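Trainee: The primary structure of each chain is shown beneath.
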Amino acid sequence: MIRVQSEAFDPWGEAAAYQAAHPQWSGKIGAATIFVGTLRDFNQGQTVSSMTLEHYAGMTEKHLDMVSAEAKARWDIVDTLVIHRYGPLAPNDPIVLVAVWSAHRDAAFQACRYIIDELKTRAPFWKLEQTGSGNRWVAPEAG
Amino acid sequence: MIRVQSEAFDPWGEAAAYQAAHPQWSGKIGAATIFVGTLRDFNQGQTVSSMTLEHYAGMTEKHLDMVSAEAKARWDIVDTLVIHRYGPLAPNDPIVLVAVWSAHRDAAFQACRYIIDELKTRAPFWKLEQTGSGNRWVAPEAG
Amino acid sequence: MVFAKMKVITVRYFASIREQLGRGSDELDPGGIINAADVWQKAAGSPAPSRILVAINQEYASLDQTVAPGDEVAFFPPVTGG
Amino acid sequence: MVFAKMKVITVRYFASIREQLGRGSDELDPGGIINAADVWQKAAGSPAPSRILVAINQEYASLDQTVAPGDEVAFFPPVTGG
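Chains as they are written, first to last, in this note's numbering: chain A, 2 to 144; chain B, 2 to 144; chain C, 4 to 85; chain D, 4 to 85.
Honestly, I wouldn't trust all of these hints.
Said to hold, decoys possible - The calculated lysine-lysine pairs, modelled on DSBU-like cross-linking and capped at a C-alpha distance of 35 Å, are:
no., chain 1, residue 1, chain 2, residue 2
1, B, LYS73, A, LYS121
2, A, LYS63, A, LYS73
3, B, LYS73, A, LYS73
4, B, LYS63, A, LYS29
5, A, LYS73, A, LYS29
6, B, LYS121, B, LYS29
7, B, LYS121, A, LYS29
8, A, LYS63, B, LYS63
9, A, LYS63, A, LYS29
10, B, LYS73, A, LYS29
11, B, LYS73, B, LYS121
12, B, LYS63, D, LYS10
13, A, LYS63, B, LYS29
Unchecked claim - Away from chain D, derived, C-beta distances all over 10 Å, residues of chain B:
no., residue
14, ARG4
15, GLN6
16, ALA9
17, GLU15
18, SER27
19, PHE43
20, SER51
21, LYS73
22, PRO92
23, THR132
24, GLY135
25, PRO141
For the record, the hints were derived by calculation from the structure and aren't laboratory data. As the structure is a computational prediction, the values presented were derived from the model and not from experiment. Cβ coordinates follow ideal geometry from the N, Cα and C atoms, glycine included.
Work out the full structure: start from the sequences and follow the hints.
Mentor: See below:
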C-alpha cells in the first residue's frame, strides 16, 4: 500500500497496525525491514528550522505504486507499505516510511533499500528548507 | 543497547520507546533502519507448532555488545538497539529486533544488515523446533 | 451541429521551475507543438534549461518525446524526496 | 596453613552437543589438559567431532587454543539464532 499525506504520522504505529491488519500473514512472515526517514535540523552546513515538501499530486502516487510493484516482482516478498508526507514539516518529523514483509531477510532488506533509493531519485517531491538565511531548495543527492 | 530476554516483546513499540527516550537525537537523526525477525510456522518443508531458543547466557550478551560496537566503529551511526528472545516461542512471535539510527540512510542500512548477519552466524543461540514429527534442531543457514 | 472543443495541452511547473516562471501551470493551444521541447519553448519563450526533468501524463519522458492535444506535460528540477 | 583450592576447568555443552552427552556441564581437573581438544577428549572420552564450535571464557576459540585452570570452555554446534 502507498499513502501520500500532509498529516503527521507515527511510523512505528503504522507498521504495527498494517501488520496487525493482515492476520493471514501470521506465521508466514519471517522478516520485516523498515526504513524511517526523519527531518534533520541541519543540512548541507546550515540549521534548518522547518521544511516544506512540494509534490506532484497524482504522479507521486503512480510512481510509488510502480516502484512497489517492481519490488514485488523482483524479490520474493509478501507486502510493502510506503507512507510519505508533503506540505510543512518540523525537525524530527518522520517524512517517509518504507516497510517490507517477507519470509526471509535478504529479500526484505533488498526490496526496502530498492524502494527508498528509487523514491529518493525518482519520486516527484522537492524539499524547500527554511534556514536562518532564508529559504532554499535542497540540492539532490550526488549519484 | 542490547537485551536478551525470555519475555515476549513488541518490536515497533520498543523501537519507538527507545527513540523517544533519546530526545537529544531530535533533529540529528535522518534515518532509522529496523529489522524484525519473526517465527514462521513452516521451515525446511515442515509445519512448526512452536520453538525453543536455547542460548549461552553471558556469551550471548558479550557477542551482541561486541557486534554493536563493531557496527558503531565501522559506520557513522548514532545508536543501535538489539533485542533477542530465548526460551519457548510461538509462531508469529518476534524473535529479534535490530534497530539502527543515523544521520544518513546508507550507514543505517549497512549497519543494520551487518548486525543481523553477524548475529545469525555467530551469536550463541540454537533453535529447537517442535513439528508434527517431533523435535528437531534447526540446520544453520548455508553460507 | 456540435463542434468538438479543441483539446489544449496542460503544462505544469514545480519547485524552482515554478518559482522562476512565476506560475504553476499553463494551458497551451497545441498548434505547432510536436514534442515536449516545443511545449517548453512555447510556454517559456526560450529553450529548455539543462537538467530539467519532463513528465508526460505523469510519466517520465524526454524533451523529444511526442506530445498530443489533451496531454499533461510537467517540467521540474531534480527531485529531493524521501 | 591455608591451601589454595585447586582451580577446575568448567566445561559447558549446548543444544545437540548437550543432548548427545546427556549433560549441560562438567568440572574437570586440569591435569594433562593443554588445549580445548584435550578438554573435549577428557570430558567425552573421544576426539572432538567435526564442525563443533569452541568458546573459551565466552569467546570463540579453536580446538588447539591453550586452556588454563579456572577457564570456562564451551562446546556447541553451529548457531541458529536471529
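Trainee: Evaluate each hint against the coordinates.
Mentor: Hints versus structure:
1. A distance of roughly 25 Å separates the Cα atoms of B:LYS73 and A:LYS121; the hinted pair therefore holds under the 35 Å criterion.
2. Distance check on the hinted pair: A:LYS63 and A:LYS73 sit about 15 Å apart at the alpha-carbon level, within 35 Å; holds.
3. Using a Cα cut-off of 35 Å, the hinted pair B:LYS73 and A:LYS73 holds, with the two alpha carbons roughly 32 Å apart.
4. Simply put, B:LYS63 and A:LYS29 have alpha-carbon atoms about 31 Å apart, close enough for the 35 Å limit, and the pair holds.
5. Note on A:LYS73 and A:LYS29: the hinted pairing holds, with a Cα-Cα distance of about 16 Å set against a maximum of 35 Å.
6. Restraint check for B:LYS121 and B:LYS29: the C-alpha separation of about 30 Å stays at or below 35 Å, so the hint holds.
7. For the proposed pair B:LYS121 and A:LYS29, the alpha carbon gap of about 19 Å is at most 35 Å, so the pair holds.
8. Proposed proximity of A:LYS63 and B:LYS63 is contradicted: the alpha carbons are some 47 Å apart, above 35 Å.
9. At most 35 Å may separate the alpha-carbon atoms for a hinted pair to count; A:LYS63 and A:LYS29 meet this at roughly 29 Å.
10. With a CA separation close to 32 Å, the supplied pair B:LYS73 and A:LYS29 stays within the 35 Å bound.
11. Between B:LYS73 and B:LYS121, the direct Cα distance comes to roughly 18 Å. Compliance with the 35 Å bound is thereby established for this hinted pair.
12. Pair hint B:LYS63 plus D:LYS10 holds up; C-alpha atoms about 24 Å apart against a cutoff of 35 Å.
13. Distance check on the hinted pair: A:LYS63 and B:LYS29 sit about 31 Å apart at the alpha-carbon level, within 35 Å; holds.
14. For B:ARG4, the shortest C-beta to C-beta distance to chain D comes to about 14 Å, beyond the 10 Å cut-off, and the non-interface label holds.
15. In this structure B:GLN6 is separated from chain D by more than 10 Å, as the shortest Cβ-Cβ distance comes to about 14 Å.
16. A cut-off of 10 Å between C-beta atoms confirms that B:ALA9 is not in contact with chain D; the least separation is 17 Å.
17. The claim that B:GLU15 lies off the interface holds: its Cβ sits roughly 16 Å from the closest Cβ of chain D, which is beyond the 10 Å cut-off.
18. The Cβ of B:SER27 lies farther than 10 Å from every Cβ of chain D, with a closest approach of about 31 Å, so its non-interface assignment holds.
19. Separation of B:PHE43 from chain D is adequate, the least Cβ-Cβ distance of about 16 Å exceeding the 10 Å criterion.
20. For B:SER51, the shortest C-beta to C-beta distance to chain D comes to about 16 Å, beyond the 10 Å cut-off, and the non-interface label holds.
21. The claim that B:LYS73 lies off the interface holds: its Cβ sits roughly 19 Å from the closest Cβ of chain D, which is beyond the 10 Å cut-off.
22. The Cβ of B:PRO92 lies farther than 10 Å from every Cβ of chain D, with a closest approach of about 16 Å, so its non-interface assignment holds.
23. A cut-off of 10 Å between C-beta atoms confirms that B:THR132 is not in contact with chain D; the least separation is 15 Å.
24. Look at B:GLY135: its CB is around 13 Å from the nearest CB on chain D, clear of 10 Å, so calling it non-interface holds up.
25. Consistency note on B:PRO141: stated as away from chain D, yet its beta-carbon is not over 10 Å from all of that chain's, at 4 Å minimum.
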